[in-house]
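Enquirer: Given next are the chains, with one letter for each unit.
There are 2 protein chains.
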Amino acid sequence: MKLITRIKEMQHFISEEKRSGKKVGFVPTMGYLHEGHLSLMKRAKKESDVIVVSIFVNPLQFGPNEDFDRYPRDLERDKQLALEAGADVLFFPDTKEMYPDEPVVTVSVNKRVDALCGESRVGHFDGVATVLTKLFHIVSPDYAYFGLKDAQQVAVVQGLVDDFNFPVKVIGCETKRESDGLAMSSRNVYLTEIERKEASHLSQSLLKAKNWLLDGDSGETEQKMIKYLEEHTSGFVEYSKILSYPELLPPSKKSKKLIIAVAVKFSKARLIDNIIIDNILTRQESGEETCSVH
Amino acid sequence: MKLITRIKEMQHFISEEKRSGKKVGFVPTMGYLHEGHLSLMKRAKKESDVIVVSIFVNPLQFGPNEDFDRYPRDLERDKQLALEAGADVLFFPDTKEMYPDEPVVTVSVNKRVDALCGESRVGHFDGVATVLTKLFHIVSPDYAYFGLKDAQQVAVVQGLVDDFNFPVKVIGCETKRESDGLAMSSRNVYLTEIERKEASHLSQSLLKAKNWLLDGDSGETEQKMIKYLEEHTSGFVEYSKILSYPELLPPSKKSKKLIIAVAVKFSKARLIDNIIIDNILTRQESGEETCSVH
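Protein sequences, first through last, are from chains Y and A.
Each residue of the first sequence is one higher than the one before, counting from 30 in the numbering used here.
Each residue of the second sequence is one higher than the one before, counting from 30 in the numbering used here.
It is possible that some hints are incorrect.
Since the list gives no way to pick one copy over another, a pair counts as held whenever it fits inside one copy or between any two copies.
Only pairs whose alpha carbons sit at most 30 angstroms apart, straight line, appear in this in silico DSS-like list of lysine-lysine [said to hold, decoys possible]:
hint : residue 1 : residue 2
1    : K226      : K75
2    : K237      : K205
3    : K205      : K51
4    : K140      : K37
5    : K31       : K198
6    : K51       : K31
7    : K125      : K226
8    : K239      : K253
Simulated from the structure, these hints should not be mistaken for laboratory data.
Using the sequences provided together with the hints, build the complete structure.
Expert: This is the structure we're talking about:
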């Protein structure tokens, strides 16, 4: 596995690989790799000739009161894990290499950010879109892999690629979970022992919501989810939402997919989880229409 | 010369050309081509294997009270001129092709836009940077050519390419001028006969300013330029400025280059012009320091 820290070296290496017709698969990460990241690398390995993994804790996507400084880091362990998962290149630039000066230009995300994490993490997705724009130009991927645990991120990245005509295919991959259903996340290490047990109720609340949605409307279901999470965890429920996906707007009959998403703040970790399902409101709302005929 | 209107076709054509090792030179324009544009194409012809010219009047870079609707257009004439200048591909998408929906993401320009045209044309450079981000992904140029008549645009594009790590070399080319010194521009057709004669004083004011700058400071020189333009034209002097280039900040001893720039509003045309020179304030300001010793 090649280790690269400089942008120019990364660009040069990739342009040589692409000249010989190779397809590049890219897994951008903030490091502290877990099974979720490794599953993206393994997926990339099946579809691409050269697998590039980046590790960069991007200051632009952290708010002033967020956990940039204490975000967990372990480069030596990450190197070993990426190597074992089949990465061909590990790109880990430092902050000065990525942002030598206060930037002249940044990307602004104007849609898909007024709900869920975008509502409380103002500017977060601008930072994500900006760093990915840079990374896509540095790594020139044919395929880029993202975990659907961060479904809003995948929606924003799809918008970025579509609107800016990036010649990149975005591949959202299913969330990897612990045996009790907890979505894997680098931030899970912040949980206390008790919180770790409670945290399985996030995924439980999503599965229950899917059933509640068959009998009630989305507003009712959101309220039931809050109640469930408040009863089963000590955390603060930041949101429990049902929206269209990937638009992240209030769902309507026309929405093809729905996302059911939650965010819960524990003492030192803010956890998120979601499931994306076919629009089951279609049936229900058509039912309502039939009723309203008489 | 190949005529292309669809993004996917353009991307496909270029990826085939690049696969065979060809270098791509790109001249993005808003059409209504003049000698200035043609000189960019001729320059590109010397350095690249495939010359792509785009024509797209980009709505995103026009303000609500600007001249988007009446911006001059003549596609048939442009086709002929581009062909004669040696273009290999003319890419002219329509607005729906470039912006099928309200965009999720746009580029925000945070520096180099508080002065000159950026001050009055709010959002203009965001629109320029957004459309160029798209066009760079559609055309994949190795070299992109811009006229230095729009020097602020070149400064912003250089910031865009540097900050976003685009694998593109930006080449700013000298302003082409009519025999009386008027900088060539698609908007010159808007001038009345009298205004057309007066308009040569824009370039005259720049040359005079360079001399005034040797004897006075930049503030004094700016005032003299306004006076000169007010005396010699019927237009409204929107700005006359001396700034560091490409930063577009108040000049200091450390500035390597200076830009002397003017914008004058005539009845139906707003004209701009500039010259970029080595920092002659260095000498002068060191002189001042010597004086202040006693």
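Enquirer: None of the hints should be skipped; say for each whether it holds.
Expert: Going down the list of hints, with the structure as the test:
1. Neither within a single protomer nor between protomers do K226 and K75 lie at most 30 angstroms apart by alpha-carbon distance, with minima of 35 angstroms and 68 angstroms respectively.
2. Within a single copy, K237 and K205 get their C-alpha atoms as close as 19 angstroms, which meets the 30 angstroms cut-off; across copies the closest is 69 angstroms, which misses it.
3. For the identical chains of this complex, K205 and K51 are intra-copy neighbours only, at 29 angstroms inside a copy versus 43 angstroms across copies, given an alpha-carbon limit of 30 angstroms.
4. For the identical chains of this complex, K140 and K37 are inter-copy neighbours only, at 24 angstroms across copies versus 33 angstroms inside a copy, given an alpha-carbon limit of 30 angstroms.
5. Taking the shortest Cα distances, K31 and K198 sit within 30 angstroms of each other both inside one copy (24 angstroms) and across copies (27 angstroms).
6. Proximity of K51 and K31 under a CA criterion of 30 angstroms is satisfied in both settings, with 16 angstroms inside one chain copy and 28 angstroms between copies.
7. In this assembly of identical chains, the alpha carbons of K125 and K226 never lie at most 30 angstroms apart, being 40 angstroms within a copy and 52 angstroms across copies at closest.
8. Proximity of K239 and K253 under a CA criterion of 30 angstroms is satisfied intra-copy only: 11 angstroms inside one chain copy versus 73 angstroms between copies.
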